[in-house]
Amino acid sequence: MANVLVFIDNPGQALKKSSLELLTIARSLGEPAVALNGELHDDVAAALGAHGVTAVFRPSAQDLDDFLVAPKAAYLAAAVNKSGATTVLVENSPEGKEVAARLGIRLGAGVITDVVAVDADRTAHKSVLAGSYNTAAKATTPLTVLTVKANSVTPEPAAAPSAPETVTVEVPADATASAARITAREQKVASGRPDLTDARIVVAGGRGLDGDFGPVEELADALGAAVGASRAATDAGWISHDAQVGQTGKTISPQLYISAGISGAIQQKAGMQTAKVIVAVNKDAESPVFEIADFGIVGDLFQVLPQATEEIKKRKG
Amino acid sequence: MEETLKIIVLVKHVPDAQFDRHLSGEGHTTDRDESILSELDEYALEAALQLTEARGGSKAGNKVIALSMGPAGAVNAIKKSLQIGASEGVHLTDQALAGSDAAATSLALAAAIRHIGADGPVDLVLTGMASTDGETSLVPAQLAERLGLPQVTFASSLDVDGGRITARRDADTHSETVEAPLPAVVSVTDQINEPRYPNFKGIIAAKRKSITTLSLADVGVDPAQVGHAGSWTTVTSAEERPPRTAGTIITDEGDAGIKLVDFLAAQKLL
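Chains W and E are the protein sequences, given in the same order. Here my numbering is used: position 233 in the first sequence is 233, and no number is missing along the way. Take any residue in the second sequence, count from 1 to its spot, add 1000: that is its number in my numbering.
Just so you know, the hints here were simulated from the structure itself, not pulled from any lab data. Predicted, not measured: the structure shown is a model, and the values here were computed from it. All residues carry an ideal CB built from backbone N, CA and C; glycine is no exception. Do not take every clue at face value.
[Said to hold, decoys possible] Below, simulated EDC-like cross-link-like pairs (lysine to aspartate or glutamate); rule was C-alpha separation at most 20 Å, straight line:
#	chain 1	residue 1	chain 2	residue 2
1	E	Lys-1259	W	Glu-186
2	W	Lys-17	E	Asp-1172
3	E	Lys-1259	W	Asp-284
4	W	Lys-138	E	Glu-1240
5	W	Lys-283	E	Asp-1119
[Claimed, not checked] Quick list of simulated restraints, FRET-style, between CB atoms:
#	chain 1	residue 1	chain 2	residue 2	range
6	W	Asp-195	E	Glu-1253	32 to 42 Å
7	W	Ala-236	E	Glu-1053	46 to 56 Å
8	W	Ala-117	E	Ala-1205	18 to 28 Å
[Stated by the list, open to error] Here are a few chain W residues that sit away from chain E, every Cβ distance over 12 Å (derived from the structure):
#	residue
9	Val-56
10	Gln-62
11	Lys-82
12	Asp-114
13	Ser-152
14	Thr-154
15	Lys-250
16	Glu-310
In isolation and in its complexed conformation, chain W is listed as follows:
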């Protein structure tokens, strides 16, 4: 029987990399099953089989997306009971954490968020206090609920693919009774760039850009990177609030973080100091960002960034 249940919410046409990572971790802990919400496209079904998923649970209700969080948690709790899973893995998005939070209360399970690695005994590793400590934590309950950050493992398909069975899970009738209803939704214009939280490379700009994100965006596009920003830049309205990296924005751990015109105060560091490699460009040699940069350039970002962009384009041919 499957003992690890992965919650995948609205995969669309293809599984996200972070979902593949969850399946890879699930296999390291036991036999994976998936609790899916939304449509199951053929490509997604095939990918689940390639990742050794033995069962796909689907909700009896189709309207879970019309409400915030609570009905999804009620469905997931029913799926856990049906599957007999002892570990639940959920993506570490704001909504994923809230689904996990409510699931924990419903089933009396310990919830650990922001996990970056999981041991075979379900000990979860995470970094806390703005990346200044590494901690290990464990649920003391029979069921463990973990929300795992993107870029935690390299996704790998199973050695032996499976043919998952589909099981319908009855969503409790009262699941939507005391839930907030979504009455309108506006799609934002897609940037075409990778998602900031999942991106392998992030180029971020701050006060030093003085309102012009052009050099940051051009370098990001040459590198196939996401664009980030400091709070000073988002507060000034130079770029959308979604792009903010830091204590009140996103906490990210990309392979490469290029910081341009950001001083690197504690608020910003909290969001990016677990990046593998940090490159900083700032005209002020005293900027705190240089204390944590692997490669720092004291100079004018309006000279340095375009030159780097040209050079990358040249080398990539």
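Position chain E relative to chain W; hints supplied.
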């Protein structure tokens, strides 16, 4: 005349993030001797004050109650909230609460909120978008689940009318409008308003406002359900990460962009 509101704002005293913070002791917990009101809670307090001031403030019977759970120092977060404009404070404190995880914290807070609701129903429970220390962001959702209330998290705008709330939420790929009946648990982002500072009048007025201290027994919680013993998670180890050290720092002499690309190539990041 619009309906009056009774709003509870959850406030937390946290170690000041401007200074080095450390984990210590058997439970790997933070030292809170030098603590401040969590910056993100100020947005929730401001939202509560704006909603009640639009309805005539405390003179018209509206209430903004600052609720904090924690040891003696937590009272500082409540006092600051009273100076900013909350009408009264409630401090839930008990030795047995030390080391509570999110599940145990939400249990104790839910009990305190029910206790406060005993002398008149609570319309709204407001929180900040996250704490600046534990950063687990679980408590608002867990509180809503325990109280059986709708949750609206990360509200970037909030209106209350006719016993319902309407809020706007901004996600990366979309924005949405959500509605829920009162009472509800709502967390607000730092985009919702500009929090006010306490002024001299507020500081003087705060001295006359009451702070009620509650123990676990007062709110009917068994001490075994909270603290380290009642928590469903345990921190098994905590290691301070070696601080990042500075690498190569160069000054641009006209070719720093090329050198940057050389560095990325050497790190196999191109």
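Okay, the hints, checked on the actual structure:
1. E:Lys-1259 to W:Glu-186: violated (43 Å)
2. W:Lys-17 to E:Asp-1172: holds (17 Å)
3. E:Lys-1259 to W:Asp-284: Satisfied, since the Cα-Cα distance of roughly 19 Å is no more than 20 Å.
4. W:Lys-138 to E:Glu-1240: holds (19 Å)
5. W:Lys-283 to E:Asp-1119: Not OK: Lys-283 (chain W) and Asp-1119 (chain E) at ~60 Å, beyond 20 Å, violated.
6. W:Asp-195 to E:Glu-1253: 32 to 42 Å: The hint (32 to 42 Å, Cβ to Cβ) holds, given that Asp-195 (chain W) and Glu-1253 (chain E) are roughly 37 Å apart.
7. W:Ala-236 to E:Glu-1053: 46 to 56 Å: Hint violated: Cβ distance 29 Å, outside 46 to 56 Å.
8. W:Ala-117 to E:Ala-1205: 18 to 28 Å: violated (51 Å)
9. Val-56: holds (25 Å)
10. Gln-62: Per Cβ check, Gln-62 (chain W) is outside 12 Å of chain E; nearest 18 Å; holds.
11. Lys-82: The claim holds: Lys-82 (chain W) sits with its nearest Cβ about 20 Å from chain E, beyond 12 Å.
12. Asp-114: violated (7 Å)
13. Ser-152: holds (17 Å)
14. Thr-154: holds (15 Å)
15. Lys-250: violated (9 Å)
16. Glu-310: violated (7 Å)
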